[in-house]
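Participant: Top line first, the protein sequences correspond to chains A and B.
Be aware that the first sequence starts at 11, since it is given in the numbering used here, and climbs by one per residue.
Be aware that the second sequence starts at 11, since it is given in the numbering used here, and climbs by one per residue.
Source of the hints: derived by calculation from the structure; they are not laboratory data.
A hint or two may mislead.
The list treats identical chains as interchangeable, and a pair is accepted whether it falls inside one copy or across any two copies.
[Claimed, not checked] DSBU-like mimics (lysine-lysine), calculated; alpha carbons at most 35 angstroms apart, straight line:
no., residue 1, residue 2
1, K180, K101
2, K15, K152
3, K43, K212
4, K152, K225
5, K43, K152
6, K212, K313
7, K336, K218
Keep in mind that this is a model prediction, so the values were computed, not measured.
Here is what each chain is made of, one letter per residue.
There are 2 protein chains.
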Amino acid sequence: MATNKQIHLVSRPHGEPTVDNFKLVEAPVPELKDGQVLVRNHYLSLDPYMRGRMNDAKSYALPQPLNEVMGGGTVGEVVASKSDAFQPGDKVVGMGGWQEYTVISAEQRGMLRKVDTTHIPLSAYLGAVGMPGVTAWYGLVKIIDPKAGQTVVVSAASGAVGTAVGQLAKVRGCRAVGIAGGPDKCKYVVDELGFDACIDYKEHKDLKSLTTALKEACPNGVDGYFENVGGMILDAVMLRLNAFARIALCGMISGYNGEPIPMAAPQLLLTNRVKLEGFIVSEHMEVWPDALKELGTLVATGKLKYRETVAQGIASAPEAFLGLLKGRNFGKQLVKLV
Amino acid sequence: MATNKQIHLVSRPHGEPTVDNFKLVEAPVPELKDGQVLVRNHYLSLDPYMRGRMNDAKSYALPQPLNEVMGGGTVGEVVASKSDAFQPGDKVVGMGGWQEYTVISAEQRGMLRKVDTTHIPLSAYLGAVGMPGVTAWYGLVKIIDPKAGQTVVVSAASGAVGTAVGQLAKVRGCRAVGIAGGPDKCKYVVDELGFDACIDYKEHKDLKSLTTALKEACPNGVDGYFENVGGMILDAVMLRLNAFARIALCGMISGYNGEPIPMAAPQLLLTNRVKLEGFIVSEHMEVWPDALKELGTLVATGKLKYRETVAQGIASAPEAFLGLLKGRNFGKQLVKLV
Chain A
11 MATNKQIHLV SRPHGEPTVD NFKLVEAPVP ELKDGQVLVR NHYLSLDPYM RGRMNDAKSY
71 ALPQPLNEVM GGGTVGEVVA SKSDAFQPGD KVVGMGGWQE YTVISAEQRG MLRKVDTTHI
131 PLSAYLGAVG MPGVTAWYGL VKIIDPKAGQ TVVVSAASGA VGTAVGQLAK VRGCRAVGIA
191 GGPDKCKYVV DELGFDACID YKEHKDLKSL TTALKEACPN GVDGYFENVG GMILDAVMLR
251 LNAFARIALC GMISGYNGEP IPMAAPQLLL TNRVKLEGFI VSEHMEVWPD ALKELGTLVA
311 TGKLKYRETV AQGIASAPEA FLGLLKGRNF GKQLVKLV
Chain B
11 MATNKQIHLV SRPHGEPTVD NFKLVEAPVP ELKDGQVLVR NHYLSLDPYM RGRMNDAKSY
71 ALPQPLNEVM GGGTVGEVVA SKSDAFQPGD KVVGMGGWQE YTVISAEQRG MLRKVDTTHI
131 PLSAYLGAVG MPGVTAWYGL VKIIDPKAGQ TVVVSAASGA VGTAVGQLAK VRGCRAVGIA
191 GGPDKCKYVV DELGFDACID YKEHKDLKSL TTALKEACPN GVDGYFENVG GMILDAVMLR
251 LNAFARIALC GMISGYNGEP IPMAAPQLLL TNRVKLEGFI VSEHMEVWPD ALKELGTLVA
311 TGKLKYRETV AQGIASAPEA FLGLLKGRNF GKQLVKLV
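Produce the complete structure using the sequences and hints provided.
Facilitator: Here it is, written out as structure tokens:
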């Protein structure tokens, strides 16, 4: 019987998490029961929302239980099946967790989904054609709902979600402006993804400097803001909002370790009659078919580009995750398991 | 010819406004031209939004020009008319400004509207059956959209807008909880208006105390929040929001003199998937007929109660307005001119 290497959460962080919060555990791959499928996971997805689940606090996601396999999205291949719905060789996406093999009950609706890798690489189902892509789609299409010619700004612009937000905005005839950390990420966002501009927030240490940069990048103001970061970046964008602007509040990674991230001037939401909405994409399953259809077509035709940072082997997952929280990744952060 | 006493804005405030920003001016009542109507104003409405117009800053309202009559809503009686649309004796509501007489061009659509005082007192057209009432209706019905059994909280609960918010919420089968300043206002809101509870914010000097009081008053959390105040009150309510709560952002009077009013924990908007919307009711004229129909019926049948604080004479308007900004009024602040 094969051995299954897993990463468990063994303690909760106080502030910034460390590798000591995680533990590599070896377990046997269990025997399949009727209706079950054994998946060998090829890629594990690392995502900022996982930081929230490390806490024991009330949030939209249930806390990750201690001493169990960390939850997370995976793509892989069916290697054994006691279900008529899946055959060995099927490529699948699911919530396999931070481990090499996963046993899944095929009947559990939505737990495992076959995917077609003819025109779309398997790993893309964890990124542009997966949860991050649909997240971008929902916030942009359903909350920001931009009109052609409007200006859409997205923070963490080179990340898995941000890259899709800007490119989907460009498809809709908008001016897309990114905010990212460092010249390489900004250059990539503009030169390779086709954003109209990208601001390197590391070059702007105070609100005034960042606001001035936004004014240059958004000469007609900001009509839609897709927020992944919070803190000073949100404050700066709020100073450039147009009347009737929309803010899709997707993440606030600058506060995920408990840092205070007050909003300096909430009265701007009133004076500009802003609509702001916090959301989590798993609560809007009704949009997934439409979103995946557009995202899949755009990826298959080369019109939606993305970049991946790939760590090797399950043991590398904790370190790669901590890097993601610090913005060390460049595009979608994955762990390659095969 | 009659003399027309007016209040002009003669200087802009730095921080808190004073009576010296205003000046009483006597002017002749001009001769009517064809199509014009002369209205003797019976009541002038004083409203928090006027503070914003005293500044020269970009906001939703144009700045009030210096050395001109302060703008404002009025009700009164037509005393002379060179228009077929109005006859002397007609009771009307319009934007007559801080003055005793107003000349209005009858053709200017929406500037002057006849009202029926058979079942509704004239002054109510500046309150429960006027702009404040429609403001309450829009924020509650169109943004908060509460379901029966849900909990709706409103700040400045004894004010012209707040009283209507809570009573409209009760009509819809909600739990209505007010926040107001002082025991008299709180007692009125509960005993006379039928709110389920009211919190005296003056009894709670810190966030923890106010949050604890909210927890008691809202045992099932907060589903909708109608915000008129901002600052610590907003922070406290945000700590009690349920998932998918809605915030109608109508006013933030605690910051109208330039005080910093940061939002302590905007990440709660994300974790609770909150929808927040800033609005100004004059941009939603399409709802006025529906809103006024419900508000008028409720007032005429005694189901929507309100209270007025009435200052006497146009000369008292500046002082009364400054009192309004400090919460010295109790219910709708009016100036009686006749």
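Participant: It remains to establish, for every hint, whether it holds in the given structure.
Facilitator: Verification of the supplied hints:
1. Taking CA atoms no more than 35 angstroms apart as the test, K180 paired with K101 passes inside one copy only; the shortest distance there is 31 angstroms, against 54 angstroms between copies.
2. For the homomeric pair K15 and K152, neither the shortest alpha-carbon distance inside one copy (40 angstroms) nor that between copies (52 angstroms) is at most 35 angstroms.
3. Proximity of K43 and K212 under a CA criterion of 35 angstroms is satisfied in neither setting, with 53 angstroms inside one chain copy and 64 angstroms between copies.
4. Proximity of K152 and K225 under a CA criterion of 35 angstroms is satisfied in both settings, with 26 angstroms inside one chain copy and 33 angstroms between copies.
5. Taking the shortest alpha-carbon separations for K43 and K152, neither the intra-copy value of 41 angstroms nor the inter-copy value of 52 angstroms comes in at or below 35 angstroms.
6. Within a single copy, K212 and K313 get their C-alpha atoms as close as 29 angstroms, which meets the 35 angstroms cut-off; across copies the closest is 58 angstroms, which misses it.
7. For a Cα distance limit of 35 angstroms, the shortest separation of K336 from K218 qualifies both inside one copy, at 24 angstroms, and across copies, at 32 angstroms.
In summary, the structure is inconsistent with hints 2, 3 and 5 from the numbered list given earlier, while agreeing with the others.
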